Amino acid sequence: MSLFDKHREHLAGLLVGGIGAFAVLEGQSYGIGTLTAMGSGFFPVALGAGMIALGILMAAVPAAPAAHLPGHGPSRLDWRGGLSIAAAVVLFILLANRAGLAPAIFACVFTAALGTRQTTLREAALLALGVTVFGVLLFAYGLKVPFPIIAGVYA
Amino acid sequence: MESSLAGLAHGFQVALDWHNLIWCFVGVFVGNMVGVLPGMGVLSTISILLPLTFSMQPVAALLMLSGIYYGAQYGGAICSILLNLPCHPPHAVTCLDGYPMTKSGRGGVALGITMLAAVIGAAFGIMQMMVLAPYIASIAFKFGPPEICALMLLGLLAGSTLAKGSPIKGVSMTLLGILLSLVGTDINTGNERFTFGILEMSDGLELVAVSLGLFGIAEFLKSMNGLVPNARTDMQLGFRDLRPSRRDLRQGIPPILRGTVVGSLCSLIPGTGPTIASFIAYALEKKISRHPERFGHGAIEGVASPEASTHSAVQGDFIPTMSLGIPGDAVMALLLGALMIHGIQPGPRLIVEQPDIFWGLIASFWIGNIILVVLNVPMIGIWVKLLQVPYRFLYPTALFFVCIGVYATRNEMFDVGAVLLFGGFGYLLLKLGFEPAPILLGFVLGPRLEENFRRSLLLSRGSLETFIDRPIAAVFVGISVLLVAAQIVAALRRSRAPIRIPEEAFD
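Respectively, the protein sequence lines represent chains B and A. Each residue of the first sequence is one higher than the one before, counting from 1066 in our numbering. Each residue of the second sequence is one higher than the one before, counting from 887 in our numbering.
The following block holds chain B by itself, in its conformation from the complex (with noise of 0.2 angstroms):
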């Protein structure tokens, strides 16, 4: 068991406690006001007290066995996917408006697509291109999404 594992519940308190002490301190600024006439505050600094209790909760009560849901572990952290998965949309974003739709579509799907190692780079590849060729024909001329199909070449 890793060391992820073993404070999985700790982990989890800090997170949920955290957010809701930031919606206490955040919330506050905006004025709480009274029952009858509350201000903008009350909301968000009734639930982050509500999440800091819970959090405290979360920490302190062990977990039942049922809250280990499989699926969930074990939590070894995977990168590749992660890593391809956000270059993969931040691509996207960043080629859409600049290089048109058409190299984004392939860029996006190319490297989403490496994200595991069963797939290979022709196959990745050929399904970027098929995509792309299905992509550009349903948003570019089909729901007339605003980008260039390549910039600069072919709007």
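Bear in mind the hints are in silico, worked out from the structure with no lab data behind them. Predicted model, so just to flag it, every value in this text is computed and none were measured. Be careful, since some hints might not be right.
Unchecked claim - Covered stretches of chain B, as calculated for chain A (at least 3 residues, CB under 8 angstroms): (1) 1076 to 1082; (2) 1088 to 1098; (3) 1145 to 1153; (4) 1169 to 1181; (5) 1196 to 1206.
Claimed, not checked - Simulated restraints, written as ranges between beta carbons of each label pair: (6) L1272(A) / I1215(B): 31 to 37 angstroms; (7) G1195(B) / F1125(A): 28 to 34 angstroms; (8) R1187(B) / K1271(A): 21 to 27 angstroms; (9) I1121(B) / K1271(A): 50 to 56 angstroms; (10) W1144(B) / L1345(A): 51 to 57 angstroms; (11) H1072(B) / A1371(A): 28 to 34 angstroms; (12) V1126(B) / Y1021(A): 37 to 43 angstroms; (13) V1260(A) / G1195(B): 25 to 31 angstroms.
Where is the CB? At the ideal position from N, CA and C, for every residue including glycine.
Please arrange chain A on chain B, whose structure you already have, making use of the hints.
Coordinates of chain A only, in the frame set by chain B:
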């Protein structure tokens, strides 16, 4: 009853309009496909297609998005029975006896009985909705802000504690969802909340960005290297293989009827959706059987009953959503969000003020289920082929649809970045053992909850007793308290006794 029939007649006029009919077909077809494709979920599919519906008529949009939900139930059963893959939670329990039937060469019969169960279950669920939804709405008509507020409290608590996972974590996710819904300009005071000076956030977070991040990207991350490689099936199934024998029918029909009743009862309790219904139905069947040892080895009752209960619960799921405006689970929250994006105010007035939507939806359920049977029974061979599409080709394609879909919501690249952030956050939540579904419940109900809470206390001049003094509100608050108490008792017991639900049931 008579007004129901008149309403239904009106609904058929709406649903048979060719424009709506086509979108209903698209919805159930896509749903069926998503159900069959291992690794694709209903929530992410509805979120992906949500932006495409913004330019559609609200009726057509709702018919299509709902079609995805119940259509996926038909496909999900195929996946469970033939491949033993519990991709769709409501059908996880069908694996237990469905797959052994496949191994002994009776997979076709299992699918045939599933179709029968689907039709009977769905028909009952729809009729229940036709009768109950207008009735519930007519009662809820008189609710003032305190009642609405108390009812939402009950709905949110039930939705977050009765579903899978730890109740404490569920409730904290609901609170987080409400908190996320507050981002943007406060309509009561004009103050900006949690926007950090970012212009794009002053209108609040986009529903599509939140749900695609939490259910789309987080799902890809979870499954892309975690899903079992596709099991092979070289089964050739045709129309004839599906036909159950007289003996199968005699064995299968009573469980179907029992499952239907279980499902329709479950759908009336907020938070207990189709998944829980199917487990209860299976457990019941096993309990009353004279040969419980047959279960797990291909007992036809173990397929018939949970499938019927799933389908009747799926249709019944729409009852609180359409009659009260309070969704029981994340899928319903998303559909409700879609209606609100189209400018339709959910709540008890919906049935009277938007008869096209309510009765059109019900009529489309009848039509959609018939289309699904036609799609599945003669074309079963095609769906079996689709089972072979590997997930590693699906998720990159879906990711592209996520990017472009969330962009198209309001032509804002900012939202694509937000989706990535929500995806990473959702993945972290999964790793920490949270179930992100209640976030969506809180996110959709949050603004209405705050507004009604404010109004209640304004009317009562700041006295919280208004929630106990008014009898109907008090009943809702009372049930909520009972619900929490029951959870605490259950948690105390669980710490002593081991759990009973088989683990593979979840995902």
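(message) Just to be sure I understand the hint, the distance between the Cβ atoms of I1121(B) and K1271(A) should be within 50 to 56 angstroms; is that true here?
(response) holds (52 angstroms)
(request) Can you take a look at whether the region 1169 to 1181 of chain B is actually covered by chain A? Rule is 3+ residues, C-beta closer than 8 angstroms. (result) holds (count 8)
(request) With a C-beta cutoff of 8 angstroms, work out whether three or more residues of the region 1196 to 1206 of chain B approach chain A closely enough for the coverage to hold. (result) holds (count 3)
(request) Go ahead and decide if the range 37 to 43 angstroms is satisfied by the Cβ distance of V1126(B) to Y1021(A). (result) For Y1021(A) against V1126(B), whose Cβ atoms are near 41 angstroms apart, the range 37 to 43 angstroms holds.
(message) Is the coverage entry for the region 1145 to 1153 of chain B by chain A consistent with the three-residue Cβ rule at 8 angstroms?
(response) holds (count 6)
(message) Taking 28 to 34 angstroms as the stated bounds, is the beta-carbon spacing between G1195(B) and F1125(A) within them?
(response) holds (32 angstroms)
(request) Take the region 1088 to 1098 of chain B, compare each residue's beta carbon with every beta carbon of chain A, and decide whether three or more fall closer than 8 angstroms. (result) holds (count 5)
(message) Is 21 to 27 angstroms respected by the C-beta to C-beta distance linking R1187(B) and K1271(A)?
(response) holds (23 angstroms)
(request) Using the beta carbons of H1072(B) and A1371(A), state whether their distance is inside 28 to 34 angstroms or not. (result) Roughly 30 angstroms apart at Cβ, these two residues keep to the hinted range, so it holds.
(request) Test coverage of the region 1076 to 1082 of chain B by chain A using CB-CB distances below 8 angstroms; three residues minimum. (result) holds (count 4)
(message) Is 25 to 31 angstroms respected by the C-beta to C-beta distance linking V1260(A) and G1195(B)?
(response) The hinted range 25 to 31 angstroms holds for V1260(A) and G1195(B), with Cβ atoms some 30 angstroms apart.
(message) Is 31 to 37 angstroms respected by the C-beta to C-beta distance linking L1272(A) and I1215(B)?
(response) Given range 31 to 37 angstroms: holds, Cβ gap about 33 angstroms.
When each numbered hint is compared with the structure, no violation occurs for any of them.
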